[in-house]
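As they're listed, the protein sequences go chains A and B.
Following the numbering used here, the numbering of the first sequence begins with 1 at its first residue and continues without gaps.
Following the numbering used here, the numbering of the second sequence begins with 1 at its first residue and continues without gaps.
Hints may contain errors.
[As the list claims (entries may be wrong)] Chain A residues, not near chain B, derived (Cβ > 12 Å throughout): (1) Arg-42; (2) Arg-111; (3) Leu-247.
[As the list claims (entries may be wrong)] Going by beta-carbon spacing under 7 Å, a handful of chain B positions derived as facing chain A: (4) Leu-200; (5) His-203; (6) Gln-512; (7) Ala-518.
FYI, nobody ran anything at the bench for these hints, they're computed from the structure.
C-beta: ideal position from N, C-alpha, C; glycine also.
Listed below are the residues making up each chain.
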Amino acid sequence: MPDPTAPPRAGGPRRPSDAHPRPAPSLFGPRALAAQLPSALRKLDPRTMVRTPVMFVVLVGSVLTTVSALLEPSVFAWVTTLWLWATVLFANLAEAVAEGRGRAQADALRRTRTETTARLLRGGTETPVPAARLAVGDLVVCEAGDVIPSDGDVVEGVASVDESAVTGESAPVIRESGGDRCAVTGGTRVLSDRIVVRITAEPGATFLDRMIALVEGADRQKTPNEIALSALLASLTIIFLLAVVTLQPFAAYAGQPQPVLVLVALLVCLIPTTIGALLSAIGIAGMDRLVRRNVLAMSGRAVEAAGNIDTLLLDKTGTITLGNRQAHELLPVGSVAEAELASAALLASAADETPEGRSIGALCRTRRLPAAPPSGGVATLDGAGGTPVPFSAETRMSGMDLAGGRRIRKGAGSAVRRWVEENGGRYDPAVVPLVDAVSAQGGTPLVVAEADGAAARVLGVVHLKDVVKPGLRERFDRLRAMGIRTVMVTGDNPRTARAIAEEAGVDDFLAEATPQDKLDLIRREQEGGRLVAMTGDGTNDAPALAQADVGVAMNSGTSAAKEAGNMVDLDSDPTKLIEIVEIGKQLLITRGALTTFSVANDVAKYFAIIPAMFSGIAGYEGLARLNVMGLAGPESAILSAVVFNALIIVALIPLALRGVAYRAAGAARMLRRNLLVYGAGGLVAPFAGIALIDLVVSRIPGLV
Amino acid sequence: MSDSLAGLLQISLAVALLAALRIPVGDYLAHVYTSPRHLAPERLVYRLCGVDPDREQTAAGYLRGVLAFSLLSVLALYGLQRLQNWLPLAAGMGPVAPGTAWNTAVSFVTNTNWQTYSGESTMGHLTQMAGLTVQNFLSAAIGMAVAIALVRGLIRRRTEQVGNVWVDLTRTALRVLLPFAFAAALLLAAGGVVQNLSGLTAHTTLDGGSQLLPGGPIASQEAIKELGTNGGGPYNANSAHPFENPTAWTNLLEVLLLLLIPVSLTRTFGTMLARSGAGTRRHGLALLAAMGIVYGLVLAGVTAAEAAGRGTAAQAAGAAMEGKEVRFGEWASALFAASTTATSTGAVNSAHDSFTAFGGGLALFNMLLGEITPGGAGSGLYGILVVAMLTVFLGGLMIGRTPEYLGKRIGGREIKLIALYILATPALVLVLTGIAMALPSTRDAMANGGIHGFTEVLYAYASTANNNGSAFGGLNAGTPFLSLTTGLAMLFGRFLPIVLVLALAGALARQQPSPVTAGTLPTDRPLFVGMLTATILIVTGLTFFPALALGPIAEGLS
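Okay, chain A solo, but in the shape it has when bound (with noise of 0.2 Å):
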């Protein structure tokens, strides 16, 4: 359950659907990729190198390239050499700017990251220690002003907690000992009371250290798919490899061996530099885009699952009902007028100060009904001598009774029944379809009854309707035209929660669900071969968090979700869900697309390069038809696909960070259209460039 004394975050800062997010400082400008340059420099380290096998060749053949050119010193030598350095560079350019973005970030946080003294309790005495000897299971005192040491659960207490350091959300919240509320975070602060601490996590391993580490990167594993991905290159470089180094034993046989420096330029152009280069930075922004939305990923393997999700499980409450019902009409019974129902139903929830109570008096105020009592109810109520019953659980009922010896109930059906044949009257047969029809509706008739003296008799019902968030339908077809299937998880009986479930457009619901439920819910899918999404805050939601592939858990929630959970959503807000399988699916496919665009840029090199080569030679002189582009010459037309290969990794960096544009649709309508940009322009585009580019540079004094 979400906190529902937590501020609504309707009108907050951050709002996850904003266009903008977290605004990020202009990370593409030159500037930016100046101040980028020192670490690219720095990751020029052979041992870097490796863990990226295409760019790795690359490095290797810029050395050989290197050496060629001080042996045998040319303007074309050194001008290719110095390009395909610059195709190194630009890839270590690409990573660094992608964590860059993450490191200004861990740096922020680092710096709310006091060094806190902290009060232990032991024996009923306090201590101060450092935070970082506490140790699992110890208590310590928090009160107001102080900064909360370490990560823990509220045993004892109430308080206001800021939470910015770690949510940026500056709105305070309510911590509480027991329930769902008792998490608090390390360095945050406490506002106001007095609570005691048990702390649960080790020194070094608080939230605020995952946070750092992660937004950081510093432990980054390749996921899956960056795997699969990576030997698919792998292998492609090795079959470039063996094109090129067999190419010299057939240019040998046709009478002229090529310079190594020409073998080296026509391998670096075929390998997949593009998306070898900007690999790893698609995965470090796409953690990044979740950052930004205030989401923290504990891996990137669940991020990359969440684009794979096939079931998405929702609670209703809070996802995608509003977190309170309201009254939407009322039904008198019999001879009843509607005034005198809206009057006593009024009475009854005079002291009920939570929405739902709020919301009778809003519906009679809109429907303009005599009895609305005047502003500041309760006091007044008070002043005519009434005695507000609060809720039960035991008798499922509140009302008030009034100085006058009149007593007005609300309650479920059954309770209420209850009480009028207690209180020696007949509870009308006529109020049970009005009761049903009203769970019919997918709303919570509360009957209103009322004892004067005389026999008790029924008055009518209210009916309380769940509010379904307004959008949600659109968010849900949107979720089915990716191909997934949402599920409602409700405690209602099957009937409410059919009639929300089709209100809001899920496929599915699961009806009067248990904690128990809910993880059988997620074993079935599984079994299918499913993959699960959800979203849980509380101690009881830990096992299904766990269970599920994607287990977002609500920063709000208790320490045991957050822990069970591979995410965790620092504004705690459910529907987040939609946007995080976005992001996954966005990292899929701008890593699909950039490496079909880099297999298609090879078909224009080998027209530049080819015809460069061997149309010189006697015999082969019919190849220089090939060069359908006019380059200028051989020199120019091997420089000019060197320097488009080099440059378009740079021009792609954007993209890599942004990520490709996603719109939810189809499999096959988005593949159709992915395809057309990043397959068929990635065939033309490089014809165009390289052309472009031998303009210039067959300018250049000295090349041929």
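Use these hints to put chain B onto chain A, whose structure you have.
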């Protein structure tokens, strides 16, 4: 009737007959591989071999069976050739030289049928019948069995078992190849193909001279030679020899036979998918469509190149007819050339060496595609399935999902196997051609110098590594180096992919498939066919462009 009209008629007839036969043959094959019942002769085979036909094998077990069986076959075939002079029906032939015997043994066991010898002057009747022809059956059966194991891997869920290799081999031989070949042999014999056990007989040639020609059980060999996409004929001239392929009618029949099983297997695939619920028949049709598009493009290219010849003057002088049989002409020669190189058969009814640069180059390109359009018996299906999974990988990423084919995820392990498969044969072709070109001894074996000479060497390795077996000619493939390396190319070109395919079958069978949703990449639609076609062409094109540029492209453009 003009040449073009006759040619078009022959092509349309072949397509129409294939279309008519594909469904019954494909469904029959599906029945053969899924039926739980064993026939009496099969049970006899199992009892003799001590095999429990109802016990299935893991992918590794299946592979061990394939490899052990093939090793035994190589040894037996080698022995048969070396000892043929001691055995009956030698027809006066001495023992085959060790180098040739090794190369031939490997060649026939790997379904390549690359021949470094003249059949009529080297192999006795017993070697032909009990050795080479038997291998024509068995090597084709191996390919089909492996393909079916991969299909089972795609269909099955959460199992280690991919079938029983002995059952698959026995059924393929007894229920499919033998009866089909028997029927085909009758048709061929009726069409005029020789079938006897006689030695040399005298024949009067067209120009009135007399020639001694050996007879033999030609029609029966011819049938399985084409049906099993083998290609090794009893005569050196192969299907250009009038005893093997006397008329336009037998020519059409032979083209039909070599396309029949590879094409029908796409239906088998679709039917097995549909029956198990893992997919639909459209999936098989999609594969066929991609095969058909590439095949059609190559056929059109070869035909255009040959019919146009080397310019008008040469055409008028009949230059493009060089190396072609007058009774077939350019169109039927082009049809046979495109079909034989597309199916890993390697039988020829004309000399590819004498084709125009682009015509011969396309035949070469056709083999370099990896023999998947429609490819060899079985090997075509498993080859195109691997490329389909590669296509799915790239396409799947582009729709934002971990790629899956028929619900099976193409993850790290799968893509590694696929990548190695895609890498294996091109690596063999490039490396061996590179070494051969670097060695001076190769130049001595080349009859032609210059660009054409290079194309001949490239063709030789493309043909052997892809288990096609057709020869460009002009190259003395019997030198020790060429004999050894072409043998290695055939061996690794056959069994490396098989190892990878069976490993892939095992990895896929273990998976629990994920259900099809709107977010799944459709793999039975025209869009996928287009992607698959593009992947086939681009992967091969990019790998071999430099080599082809120095061969047929340079020759054709100059």
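Evaluated hints:
1. With a minimum CB-CB distance of about 29 Å to chain B, Arg-42(A) clears the 12 Å threshold, and the non-interface call stands.
2. Here Arg-111(A) stays apart from chain B, with its beta-carbon at least about 36 Å from theirs, past the 12 Å limit.
3. The Cβ of Leu-247(A) does not lie farther than 12 Å from every Cβ of chain B; its closest approach is about 5 Å, which violates its non-interface assignment.
4. Using the Cβ-Cβ criterion of 7 Å, the hint placing Leu-200(B) at the interface with chain A is not satisfied: the shortest such distance is roughly 42 Å.
5. At its closest, the beta carbon of His-203(B) sits 43 Å from a beta carbon of chain A; the interface hint therefore is violated under the 7 Å criterion.
6. A hinted interface residue such as Gln-512(B) counts as satisfied when its beta carbon comes closer than 7 Å to some beta carbon of chain A; here the least separation is about 5 Å, so the hint holds.
7. A hinted interface residue such as Ala-518(B) counts as satisfied when its beta carbon comes closer than 7 Å to some beta carbon of chain A; here the least separation is about 4 Å, so the hint holds.
Violated hints for the displayed structure, listed by number in ascending order: 3, 4 and 5.
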